[in-house]
Every structure is written in structure tokens, then in C-alpha cells.
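Trainee: Chains as they are written, first to last, in this note's numbering: chain S, 188 to 521; chain E, 188 to 521.
Worth double-checking, as some hints may not be accurate.
Residues of chain S placed beyond 10 Å of chain E at every Cβ, according to the derived structure [unchecked claim]: (1) G290; (2) G453; (3) R515.
Which chain S residues face chain E? A few, computed with CB under 7 Å, are given here [unchecked claim]: (4) S206; (5) S209; (6) D269; (7) D287; (8) I289; (9) E293; (10) N309; (11) R327; (12) M328; (13) N337; (14) G340; (15) W455; (16) R457; (17) E463.
Worth flagging that the hints you see were computed from the coordinates, not collected in a lab.
No experiment lies behind these values; they were computed from the predicted model shown.
Ideal Cβ placement from N, Cα and C applies to all residues, glycine included.
Number of protein chains: 2
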Amino acid sequence: MVDARRADVPVLIDGLQYSNWSEAIFRQMNAVGLACVHVTICYHEDFRETVENVIAWNRRFEAYPDLIMPGRTAADVLAARDSGRTAIIFGFQNPSPVEDDIGLVEVWHQLGARFMQLSYNNQSLLATGCYEAEDPGITRMGRQVIAEMNRVGLVVDMSHSAERSTLEAVEISSRPIAITHANPAFWHPALRNKSDDVLRALGQSGGMLGFSLYPHHLAGKSDCTVDGFCTMVARAAELMGVERIGFGSDLCQDQPDSVVEWMRNGTWTRAKDFGEGSASDAGFPPQPDWFASSLGFANIVDGLRTVGFSADDVARIAGGNWLDFFERSFGPAP
Amino acid sequence: MVDARRADVPVLIDGLQYSNWSEAIFRQMNAVGLACVHVTICYHEDFRETVENVIAWNRRFEAYPDLIMPGRTAADVLAARDSGRTAIIFGFQNPSPVEDDIGLVEVWHQLGARFMQLSYNNQSLLATGCYEAEDPGITRMGRQVIAEMNRVGLVVDMSHSAERSTLEAVEISSRPIAITHANPAFWHPALRNKSDDVLRALGQSGGMLGFSLYPHHLAGKSDCTVDGFCTMVARAAELMGVERIGFGSDLCQDQPDSVVEWMRNGTWTRAKDFGEGSASDAGFPPQPDWFASSLGFANIVDGLRTVGFSADDVARIAGGNWLDFFERSFGPAP
């Protein structure tokens, strides 16, 4: 495996992946120097089903102790970096593992979850998803759950939520929130990308945006260039502040198309939903050639320097900002 | 036990109860001639917990075969009447037993459920509850689930839902829906009571309203008179049509106050919610003396005659309308 690490990037962090986990993928993470990946352990699963996904990760930690380790704190990320491994942080793209029981918020923090989206495309018990026709904002239960997440140190993630719900989450949450995987709509006006209003509110409140490498979120989709991507990062840095941005690739490496169909449809509909795709283009879109795996982060780091970021800013964007955010966010409220 | 049956009421039906079930309560139902009671088997329970409530009812059917029997069709109600028993129909006040799995709609019909509220006070995955600040209407999943409920013969109940969601449910559902337990807001403007717009839409679409005897839904609350109640019924009959109304007493006989606290708070909040009550009046309100148990239906039947309803109309309101509605609603879509 090529060593793609960059000496000018002290900590490299990916704010979201949902790959078809394997030794080969973990070795790519190590090779590029990823000290941490936030991995999705729930799209539609309920409490018990998500526990099964924790068990699957526990088996992986046992099987590949030289490649990966559990990540629950910023210190774990530094320990992973120092031993050449990748710390794995758990998160949910849907609040379904909390079901309708606010007591499960703390239980999930105990089990290692550190991010939870308040909604995934559809209306949830807490907030509205970006595919609903109407967005009434944070619900009664949502206000209670945000307070509880703030208390225990489970980060609110609004990547798949609708605009008003997202702005209200920024406002209601007493601690900064995250949009772990999305891009600015000014660059590519996809339903999942975020308005200037949202990005500005996120930046001003001390939150974080992770830039997505999922083709439906990229200008030019699969044909997007690394230069185009890095130019967008520079504009976002001006809008939000260079301390408020990082990566959240949304990489779904080696997944069959049945997985994206399940992501979109779960068990909530009998009609077929195509999400960001369409009937004629229903599967996973091909990744840009410069980001086919985690190794592509080396290309992005080069690209960020090319568009003019200083070495310090590249280090921030590549992982320093996420590390600071983890430090502030994952413990109990002060 | 007094025989409180009325010869002029061929079928007496209560469209909702959640009592602390006992032999004494079943004997009162039989004594007043209740051929059918729709009982709530879920306020906050998930699929598995609600199955536990089905098991509890299966044990009651076994223990009291001379008093109660399962009710799944209009024919079951007539069989109960003919044998002097009460048919028990299952329903949910919250769609939580369907979780996020549309396949559970048909499973619940197979297990005997015949009514399901799309929301209970709060926002659900399907619709908005009457205590939310905003009501965006029926959600994406809600539209799918209504179609599936229509297909299998599970009745949409909007008793605890917010106004816009309710009007949209009437519109979206291809079969008439019900509001099993609420009163007109023109009589008592409680949050749970229904506007003229809702009542008119419900009546015109062939739906049903069950009049509540829960004190928070009554003008004068616990001091409401039977004459006041029956005068309200007469006004509602003019608004909706005398074929569109029945009873849905919301009787919670012999329940401790811990039950109303659980109804309001479930596990969704860490702050205390008082619902229709208040911190200083948190428990179940006392029933009017003329409706302390199912035996009170005899007083209401008298009252309906006193305010001028014909014997035919009394028979309709007391149960004939619900029976017709069950006949049209509980089987698969034609």
C-alpha cells in the first residue's frame, strides 16, 4: 500500500463514511493517514438493530486491532494517529435508535455514539427531513432530546434535515451542532446541500460543516474536478470561517446498489423512492477518479494548497478543526 | 347488577375506552347493553410492547368468555349483542406499534387492530398532534401508511391530531376516517375538540365522530349536565348529519393518576407535561355523576330522547351508525 500521508497534515479526519467495511478499506485509511473516521451505524435501524451494528464493530475491533480502534474522545483520535491506526467514531443518520425514549440518548452515549441526525430525509419524531414538502421545525420531543444530547455530549447532526429545522436546531442547541456531510448550495444547488443562511448560522455558532464527496452533492457530479472542489472549499471558508470546515466524504465504498435503495426506502414506503437518483439512474453514482477511496484525501490536500490555503489552514481543514470540535463536544456539558 | 338496557336501542357501541379492565367493568358493559367497546391497546408502546397488550386481552377473553369476546367485524358486534356480551375492538392512540415499518400495518390488522391514530398529541412519523406549535400536515410516510390502512381495512383515527393534518387525512384517505373520541369546539373550545371545518369535512366524507365524556372535553367539565351534553349532540347532528355521530366516551374507569401522567409523558420528555390538566390539577378529573361508568349510557339515551331525537335517531347515535361504519370499514378495500 502506498503511503499517501502528508507531513503538513498532523491529523486527518473524515466526518462521515458508510463503506462496506473490510481489511482492504481499513488499510487504505491507515495508508492515507486517517486518524479518525466517523462511521454511520444506523440509517433506519431501531435500538436493538443498531446494537447489532455495535456488535459487528466490536468484532471488527477485535479482528483488526492493528488497523482500527474505538474512538470516543479527541484523545482517542490522537492515540490512533500516534499508533498509525484509525479511530472509529459511531454516529446515526436517523434518530430511530432512540425510538421514542429520551432515556436512550444517554445509553447511546455510553455505547459510543457521538453524532445523531435529528432526521433522515423524512419527518422524524424530532425534526423534518429535506425531502418533506413542509418543514415545521423542531418538534416538542425534539426540543427535549436536543437538551438531553447537549447534556451528555451527543452531537446534533442536521446533514439530511430541512432548512427551518436546521436553523432552529442551531438556535435551540446550547452547544454547537454539525452538518457532517453536505456541501454549499451556492456551488451545487442539490436538495441536500445547504443555503448560505444555514452555513452562516452554523459558522457563527461554532458548528462544523464536513464537505461531501458524494457525486450527487458535487458540481458536475462524477465529473467534478479536484480543483473545482477545492475552489468551493475556499469560498465556504470565506462564508463560514476557516475554523468551521472539514471533510465528511459520505464515501460508500464497495457497497452494492441494493444499499442505496435501502437507504432511500427503508421500510417506510411501498412505492419506490429514488432520492437524489431517478428510475433510470437508481444506483450509487461513480465516484470522481480523484476520490475513489480514502486514498483520495491526498489529492484534496494537494488541491487545497494549489488554490492558496496556507499549510496551517490545510491542517485545520484536513482534521484540526474536527479535532477541536470533538474536544469541545463529546464530553458532558460543562 | 341493574339491567339498564333500553329496548329502543338495538345496538349500543362505545367508540373508545381505556379503563382499568376488570370483571366488574365488563359486567357493567353487559348490564347497560354495550354490544361493543373500542378499547385502546397502545398509547406509547412499540410493536412488541403492544403485542404484550394483545396477550393480556387474550387472557381476558379466556377468563371471561361469558362477558366479552374479540370484535373484528360488524357481525361480531351483532353476535355479542345476541349473546348478551360485549365485543372488544382493538385500536391504537399512537402509530408507534407500526414503528417505521409499513409492513406492520397489515400485521396489525391480522392481530385484530381496527383503528389507529396517526398521531397522539405530538408529531409522529405520519402526522402532527394537537399539542405541537406547528402542523405541516401528513408526512411522506403518512401518505404511504394511509394508503396501506385503506387497503387492509385499518381505520384512520384523528382524535388527538392537529387541524391541518386532520383535514388532509380526510382528503388523502380513500375511505372514510373517524374521530373516535372528541367533541365540537363550538361547544367547548378545548385544544382536543374539533372545529366546524373538521366536523363538516368528516361528515361530508362519510366519517364518524364519537362524542367524548372525558371532563376536559365537556362544557363545564365535571359539572357538565346530561342535558347540556345532549343539546350539543343535537347541534352536532345538524352540522354533520345524524348518520355521522356516535359515542366515544374516553372512559378511563378505575385508573390511578399515574396512568394519565404516563399518557401525557410516555418516555418522550424529561420535563413534566400536564396535557389538558395543570400542575395544580394533574390527575384524572372526576367524571360527571351521570357518567361514572358505562351504566351512564342509559342516562344519555334518556337525555337524547328528552332533547327531541326520534327513537330511530337515538338508535343510530347509540350504535347504529358505528355498526354501519364498521361494516364499511373493517374489511379489505373493495
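Trainee: Now look at each hint and say whether the structure bears it out.
Mentor: Here is how each hint holds up against the structure:
The claim that G290/S lies off the interface is violated: its Cβ sits roughly 6 Å from the closest Cβ of chain E, which falls inside the 10 Å cut-off. For G453/S, the condition that its CB be more than 10 Å from all CB atoms of chain E is violated, with the nearest at approximately 6 Å. At roughly 23 Å, the least C-beta separation between R515/S and chain E is larger than 10 Å, which holds for a residue marked as non-interface. Nearest Cβ of chain E to the Cβ of S206/S: about 24 Å, over the 7 Å cut. The hint is violated.
Hint status for S209/S relative to chain E: violated, with the closest Cβ pair at about 29 Å, above 7 Å. Hint status for D269/S: violated, given a least beta-carbon distance of 39 Å to chain E, over 7 Å. A cut of 7 Å between beta carbons decides the hint on D287/S: the least distance to chain E is about 5 Å, and the hint holds. The closest approach between the C-beta of I289/S and any C-beta of chain E is roughly 6 Å, which is under the 7 Å cut-off, so the hint is satisfied.
Because the beta carbon of E293/S sits about 10 Å from the nearest beta carbon in chain E, more than 7 Å, this interface hint is broken. A hinted interface residue such as N309/S counts as satisfied when its beta carbon comes closer than 7 Å to some beta carbon of chain E; here the least separation is about 5 Å, so the hint holds. For the restraint placing R327/S at the interface with chain E, the shortest Cβ-Cβ distance is roughly 5 Å, inside the 7 Å limit, so the hint holds. Because the beta carbon of M328/S sits about 4 Å from the nearest beta carbon in chain E, less than 7 Å, this interface hint is met.
With a least beta-carbon distance of about 12 Å to chain E, the hint placing N337/S at the interface is violated under the 7 Å criterion. Given hint, G340/S at the interface with chain E, is violated; its Cβ is 16 Å from that chain's nearest Cβ, farther than 7 Å. About 4 Å separates the beta-carbon of W455/S from the nearest beta-carbon of chain E, less than 7 Å, and the hint is met. Interface hint at R457/S: satisfied, since its Cβ lies 6 Å from the closest Cβ of chain E, which is below the 7 Å cut-off.
Checking E463/S against chain E: minimum C-beta separation of about 15 Å lies over 7 Å; hint violated.
Of the hints listed earlier, those the structure fails to meet are numbers 1, 2, 4, 5, 6, 9, 13, 14, 17, in rising order.
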